[in-house]
Amino acid sequence: MKNQPVSNISIDSTPAPRVTGIRLFFKRLIQQKVLVMMSVPFLLWLFIFKYVPLWGWTIAFQDFKPARPLFDQEWIGLETFRFMFTDANFHLIMRNTLVMSIINLVLGFVTAITLALLLNELRNVMFKRVVQTISYLPHFISWVVTASIVTTVLSTEGVINEILVGLGIISDPVLWLARGEYFWGILGTTEVWKNVGWNTIIYLAAITTIDPGQYEAAEIDGANRFQRMLHITLPGLKPVIVILLILNIGNILESGFEPQYLLGNGMNAEYSENLDIFVLKYGIGIGDFSLSTAASVFKTVVSFIFLFSANYIAKRLGESRLF
Amino acid sequence: MSQVSLRRKKFNLFDTLNILFMIVLMIVTLYPFVNMIAVSLNNANDTVRGGIYLWPRMWTLDNYKYVLNEATIFHATMISVLRTVIGTLVSVFCTAMLAYTVSRQDYVLRKFVTLAFVLTMYFSGGLIPGYLLIRELGLTNSFWVYILPGIIGVFNMIIIRSFIEGLPDGVLESAKIDGAGDFTTFVRIVLPLTVPVLATVSLFVAVGQWNSWFDVFLYNSSNIDLSTLQYELQKILQTSNTAASAQNAADAFAGAQGGQAVVTPTALRATMTIVASLPIICVYPFLQKYFVKGLTLGGVKG
Chain A
1 MKNQPVSNIS
11 IDSTPAPRVT
21 GIRLFFKRLI
31 QQKVLVMMSV
41 PFLLWLFIFK
51 YVPLWGWTIA
61 FQDFKPARPL
71 FDQEWIGLET
81 FRFMFTDANF
91 HLIMRNTLVM
101 SIINLVLGFV
111 TAITLALLLN
121 ELRNVMFKRV
131 VQTISYLPHF
141 ISWVVTASIV
151 TTVLSTEGVI
161 NEILVGLGII
171 SDPVLWLARG
181 EYFWGILGTT
191 EVWKNVGWNT
201 IIYLAAITTI
211 DPGQYEAAEI
221 DGANRFQRML
231 HITLPGLKPV
241 IVILLILNIG
251 NILESGFEPQ
261 YLLGNGMNAE
271 YSENLDIFVL
281 KYGIGIGDFS
291 LSTAASVFKT
301 VVSFIFLFSA
311 NYIAKRLGES
321 RLF
Chain B
1001 MSQVSLRRKK
1011 FNLFDTLNIL
1021 FMIVLMIVTL
1031 YPFVNMIAVS
1041 LNNANDTVRG
1051 GIYLWPRMWT
1061 LDNYKYVLNE
1071 ATIFHATMIS
1081 VLRTVIGTLV
1091 SVFCTAMLAY
1101 TVSRQDYVLR
1111 KFVTLAFVLT
1121 MYFSGGLIPG
1131 YLLIRELGLT
1141 NSFWVYILPG
1151 IIGVFNMIII
1161 RSFIEGLPDG
1171 VLESAKIDGA
1181 GDFTTFVRIV
1191 LPLTVPVLAT
1201 VSLFVAVGQW
1211 NSWFDVFLYN
1221 SSNIDLSTLQ
1231 YELQKILQTS
1241 NTAASAQNAA
1251 DAFAGAQGGQ
1261 AVVTPTALRA
1271 TMTIVASLPI
1281 ICVYPFLQKY
1291 FVKGLTLGGV
1301 KG
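Chains as they are written, first to last, in our numbering: chain A, 1 to 323; chain B, 1001 to 1302.
A couple of the hints might just be wrong.
[Stated by the list, open to error] Listed next, the in silico DSSO-like pairs over lysine-lysine satisfying Cα-Cα at most 27 Å (straight line):
1. A/Lys281 / A/Lys65
2. A/Lys238 / A/Lys128
3. A/Lys315 / A/Lys238
4. A/Lys27 / B/Lys1111
5. B/Lys1176 / A/Lys27
6. B/Lys1176 / B/Lys1111
7. B/Lys1176 / A/Lys33
8. B/Lys1065 / B/Lys1235
9. A/Lys281 / B/Lys1235
10. B/Lys1111 / A/Lys33
11. A/Lys315 / B/Lys1111
12. A/Lys128 / B/Lys1289
FYI, nobody ran anything at the bench for these hints, they're computed from the structure.
Please take these sequences and the hints and turn them into a complete structure.
Pasting the structure below:
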């Protein structure tokens, strides 16, 4: 630990002229014993609940048998990873994970930015506030409730089938969730329904920081509303968009767990099963702890690589970046 | 200036379409909830005939009576309330306390503590190591598995820290001069001053507690006494995904009610959905004014 800057709040008025760094550190530690007592118990908590499980990564390199003690397992190196990467089922899982993740990423960004721009154009403040309040609501509703709603809406007697049959687009009600090829579309739409309002918050906050003088200048130059949106508001949002993009690219293998688990069934499994479902199915369902942990390790490592790469690229392009 | 005022008056096609779009958005957002309420207040056997949209055809409270009389569901609701209240109080207090210590520029462990916590935002041990840890700690089959793993929320800590750092310096300094200790300063000065951000964080934590079902499924699924409302709804959802088991469930209800099916799986699901989301729908509008501020502050500075 480097020596701390002497603070303006601290009371020690006469620091001894020639104390070594370590002695100064301990002296101040004792002075601040109340602060220490207020934070160190949480460090202990952190160590147990967040750092100890990292030790569990070793399971991925072992032929783990739950019946045997944790320290008496057979090491098999990268065997589990070799098995996983050559498994056809895993390739399918990776395809589903990446496709759903990219659908969520693109749809999420496009819809949230569009909605934020449109909300910003509303002139009646009261109306705008009502729209915002209502559109944030689904974000707070659990995935279980959301899945229940989606199941109801998409059932054979649900509103989607009634509308489509009523308009003559389809002749008989379709069991949407039983048809795997529709799963990605259903998932993407559900994610948008649940989160589009919430995701506008950060963009709307960023819009308020744009200098209003720019709009006035553009108006005097004869720019219409679309041109102002396109050439002032959107560029003003660029730093926020880049940061969120980096964060989201880091989470590229994080395609969600709850919606896939809750809306997934035997008939759409070929499209709905992703990496997190794989981890659960092999880990808790089948009890293959090694394979499940290997998939978790793979996910974390890939996330790190993507996060740092996206950050590096943004840095090289001269854009704002995370770190 | 005249240009600007001119702009204010003009109300064109774009504005009309924009308002129409917003109205459609609100309908799409709210319709599922309204429909669920209508189904939950309609006679279950009548609902099977279809055609229930915005308003019940045959009003009844039987569905709610059934749900609330069901011992399992009532007990699960109590556990949900309990974990939400205890979990939120414990987590918000502890997170705020930690946030205060790392907001103190003179605290010697400030950088170390902050880094140790922030690092954990970027990795986790994964499902199985986490599961094994909880098992080794003896937390399976226990209520405390809902509380202990979530004592500190790192993102929440950053939001609260940013808020405290944004407070005027003079306030905390004057407390110091008055001879208040660090803990007293935290309880008497910092906590009251951070109410807006604590309200935001409380909302996030409470919603997270109320909505979670996966920890119940993972650690306590064998003990019905520790089940929660969301997990019970999840189980109903899973069984009604296959038509055959839904029929079984309906038969079971019919049996329990003496031959006549008063509650069907559809009605039960709608009622449970409303019960599970009602507390959030009720509380959320009151806290809304806080969270946008709290979130954007944390997002910008964190």
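Now for the hints, and whether the structure bears them out:
{"no.": "1", "hint": "A/Lys281 / A/Lys65", "result": "17 Å, holds"}
{"no.": "2", "hint": "A/Lys238 / A/Lys128", "result": "23 Å, holds"}
{"no.": "3", "hint": "A/Lys315 / A/Lys238", "result": "14 Å, holds"}
{"no.": "4", "hint": "A/Lys27 / B/Lys1111", "result": "17 Å, holds"}
{"no.": "5", "hint": "B/Lys1176 / A/Lys27", "result": "19 Å, holds"}
{"no.": "6", "hint": "B/Lys1176 / B/Lys1111", "result": "22 Å, holds"}
{"no.": "7", "hint": "B/Lys1176 / A/Lys33", "result": "15 Å, holds"}
{"no.": "8", "hint": "B/Lys1065 / B/Lys1235", "result": "20 Å, holds"}
{"no.": "9", "hint": "A/Lys281 / B/Lys1235", "result": "17 Å, holds"}
{"no.": "10", "hint": "B/Lys1111 / A/Lys33", "result": "16 Å, holds"}
{"no.": "11", "hint": "A/Lys315 / B/Lys1111", "result": "25 Å, holds"}
{"no.": "12", "hint": "A/Lys128 / B/Lys1289", "result": "14 Å, holds"}
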